[in-house]
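Line by line, the protein sequences are chains B, X and C.
Heads up, the first sequence is in my numbering, so the first residue is 66 and it goes up one at a time.
Heads up, the second sequence is in my numbering, so the first residue is -1 and it goes up one at a time.
Heads up, the third sequence is in my numbering, so the first residue is 5 and it goes up one at a time.
Everything labelled a hint here was simulated from the structure, so no lab data went into it.
Any given hint could turn out to be false.
Claimed, not checked - Simulated crosslink set (DSS-like; lysine-lysine; CA at most 27 Å straight-line):
no., chain 1, residue 1, chain 2, residue 2
1, B, Lys134, X, Lys170
2, B, Lys124, X, Lys103
3, X, Lys170, B, Lys128
4, X, Lys195, C, Lys78
5, C, Lys94, C, Lys78
6, C, Lys94, B, Lys128
7, B, Lys226, B, Lys134
8, X, Lys195, C, Lys94
9, B, Lys193, B, Lys321
10, X, Lys41, B, Lys134
11, B, Lys193, X, Lys103
12, X, Lys103, X, Lys195
13, C, Lys94, X, Lys170
14, B, Lys134, C, Lys116
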Amino acid sequence: MQNRIFLNSLNHGVIILDTDLRVRFWNAWLCAYTGVEVDPDAGSRLDVLFPEVDVRTLKRKIKNALTLKTPSFIDASVSHYLFKIPVDKITYSSFEYMQQNVTIAPYDLEAGLVSLMIYDQTPLLEMKQRLMGFNRELEQRVKAAVEENRRKDMLLQQQSKQAAMGEMISAIAHQWRQPLNSIYAIAQDFEDAFEHGEIDKEYVSEISQEMSNQIDYMSQTIEDFRNFFKHNRSKVYFSPVETVKQVFVLLSSQLKGSTIGYALTNDLPKEGKLFGYENDLKQVLIILINNARDAIVAATQKGVLSHGGGNVSIHIKDGENGETVILVMDNAGGIDPKNLEKIFEPYFTTKPDDKGTGIGLFIARRIIEGQFDGTITAENTADGAMFILRLPHREA
Amino acid sequence: MPAELLSADEKDALQELMNISFGVASSIISDSLNSFSTMPLPKIDAMDLPQLEAYFDEKFRGITQCYIVTQLFRNRFDGESVFIIDDDSAMRLSSLLLESDELGKEDVQASVLEITNIISSACIGKLVELLDAQIFFNPPVIESTCHIGESVLRLSKREGMEFTKVIIIETKLEFETEQITGYLLFLTKESSFVWLKEALGRFLDDL
Amino acid sequence: MKIMIIDDSKTARLMLKKALPEPLADTAEVVMFENGQEGLDAYRESRPDIVFLDLTMPVMDGYAFLENMQTIDKTAVVIVVSADIQQSAKERVHALGAKAMVRKPVNPATLKALLDDFAPRGH
Chain B
66 MQNRIFLNSL NHGVIILDTD LRVRFWNAWL CAYTGVEVDP DAGSRLDVLF
116 PEVDVRTLKR KIKNALTLKT PSFIDASVSH YLFKIPVDKI TYSSFEYMQQ
166 NVTIAPYDLE AGLVSLMIYD QTPLLEMKQR LMGFNRELEQ RVKAAVEENR
216 RKDMLLQQQS KQAAMGEMIS AIAHQWRQPL NSIYAIAQDF EDAFEHGEID
266 KEYVSEISQE MSNQIDYMSQ TIEDFRNFFK HNRSKVYFSP VETVKQVFVL
316 LSSQLKGSTI GYALTNDLPK EGKLFGYEND LKQVLIILIN NARDAIVAAT
366 QKGVLSHGGG NVSIHIKDGE NGETVILVMD NAGGIDPKNL EKIFEPYFTT
416 KPDDKGTGIG LFIARRIIEG QFDGTITAEN TADGAMFILR LPHREA
Chain X
-1 MPAELLSADE KDALQELMNI SFGVASSIIS DSLNSFSTMP LPKIDAMDLP
49 QLEAYFDEKF RGITQCYIVT QLFRNRFDGE SVFIIDDDSA MRLSSLLLES
99 DELGKEDVQA SVLEITNIIS SACIGKLVEL LDAQIFFNPP VIESTCHIGE
149 SVLRLSKREG MEFTKVIIIE TKLEFETEQI TGYLLFLTKE SSFVWLKEAL
199 GRFLDDL
Chain C
5 MKIMIIDDSK TARLMLKKAL PEPLADTAEV VMFENGQEGL DAYRESRPDI
55 VFLDLTMPVM DGYAFLENMQ TIDKTAVVIV VSADIQQSAK ERVHALGAKA
105 MVRKPVNPAT LKALLDDFAP RGH
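Construct the complete structure from the given sequences, taking the supplied hints into account.
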């Protein structure tokens, strides 16, 4: 009797069943939750009281519990319930029926009786479902963010290519201006000479030579830029000093056209070597030099800088930690200190709309950090801006 | 090696008791599934906890999609059963157990849980019962339904764990006519093995 | 009453001996062997009333023992005792003349019933 009082005081369901699924005991908790009273002497079968009971599975689990003398289990998270007890809630529940964990334990081996403990897992599973919902939402947001980043990245890459192309075309245009002028002059001269009857074999060979020279120079220019654009995607050892020299050659016409002076000073104790994609470093230098040029032109227009007083200088030296340091300096007055932090962010620009896309320095940083494991920083000197590239030495 | 911890008689007793327990397990499974199953006598091994991860990786490299179910058992013989079964095997196992070909994911999960419980109860429960002791089982839990990537199981990384060695009892569940293979590991602590040795000693004294 | 137990496991042999019902446990003569060959040699000599036989053993397994038994003593009472009882094994040992096949561990009640059925003259 003591037993019965105890079982009726429990806050979960207790059933004693025989192997034919006849209910031998049904505790108070079950009466309350199901509204079903069971007389243990009536021999009512659980599967008659609750037709949804999976008889085959339950019988098998009872048999195994009795044979093995250890419990069998029903897991609420995969099997949901043994029989239907409606979730009688006023507030919302995502479950129609109580989610039940059931432990089927041997009770009386000789009489073939088992005890069924029924535990309400509904609140736990609701929580689990909610968590899974959060997780799904989080996953979707992360996925969307990643997708958005990828899209931006592609856009940037495309814009960076276009920007580089733009720089090239404008560089080529500058390089060609002089030879085109020469050829134009030759054409004029040719007409004059014809009118004055000065065309003889010597004259023809002279202007032919002159034109060939100019055209060769133009082809060479195209060739130089084509080499630059031909992305040689293998890493090589290269001399940073040579790289800077080549970049100055590429940009010489542009710089001279804007009457900007340029200089390279080399403080490397011996011939320095870097390992990586040389063209990538060229692209960075072109971006930095063109920025300097734009700044100088703007400063000159504002009258801050005298005409012809602009200067771009590059200084190469060893760093404190054995890295190669390339300083790119101008004398255009420097960068507004409040912008120093932002200049490497994509789409940040202080140039007028038609001049800048705001991705040059972003690309420069990506190349230096991504391809060279290096750093790029900017600071102001007494005269202007200074970009500091630190490129660690690496082995092939 | 734990085998070296045991005398020849204790080893013989353990082997015979396992023989009986595993026989019970395979006959109950054969009964439940209506298909003959076999479980070869287990291999017993001891290793340091850090080695265990490598052991799992090596063991289950070929399996990509699987269920991993664990079940705790408690008392003087303390430990965990781990049942690992690939998706296809689990599906076939479930259709035998439930006698149906139209199975949802939850049916398969319920079947895998049930089989794990039977195997744990039969192998470990019977072994302990033969040694005249009692043991309690937690309900089995599906640890993951996963791609086996770098590691099969995440192992306890608790600081200051009171044991250093893990005893592994390993066998395989196979069927004569069905393409079903499941791996079965029982992990116990060294202290449990000490208890096992004592219990085997008492058991032999009684014979 | 003479009882022969053949099993490669000493534990298995002792467990079976321990399960012998009273008063047989004290009165019967129990002889034990580790494999089929040893059992067969001894059988020729002493003709026990009943043989309890394991299946998987080194040197000579239970099936080979049964096959040999066909030529030595067709009336021998052999009970196969095994941990793993599969239908195919059951059919095979019956075809080879075994009287019954029982699952390990054999409890005293089962053992008494077997002895009553197959070797009643002992008690």
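So which of the earlier hints does this model not fit?
Hint check: 4, 7, 8, 9 and 12 fail, others pass.
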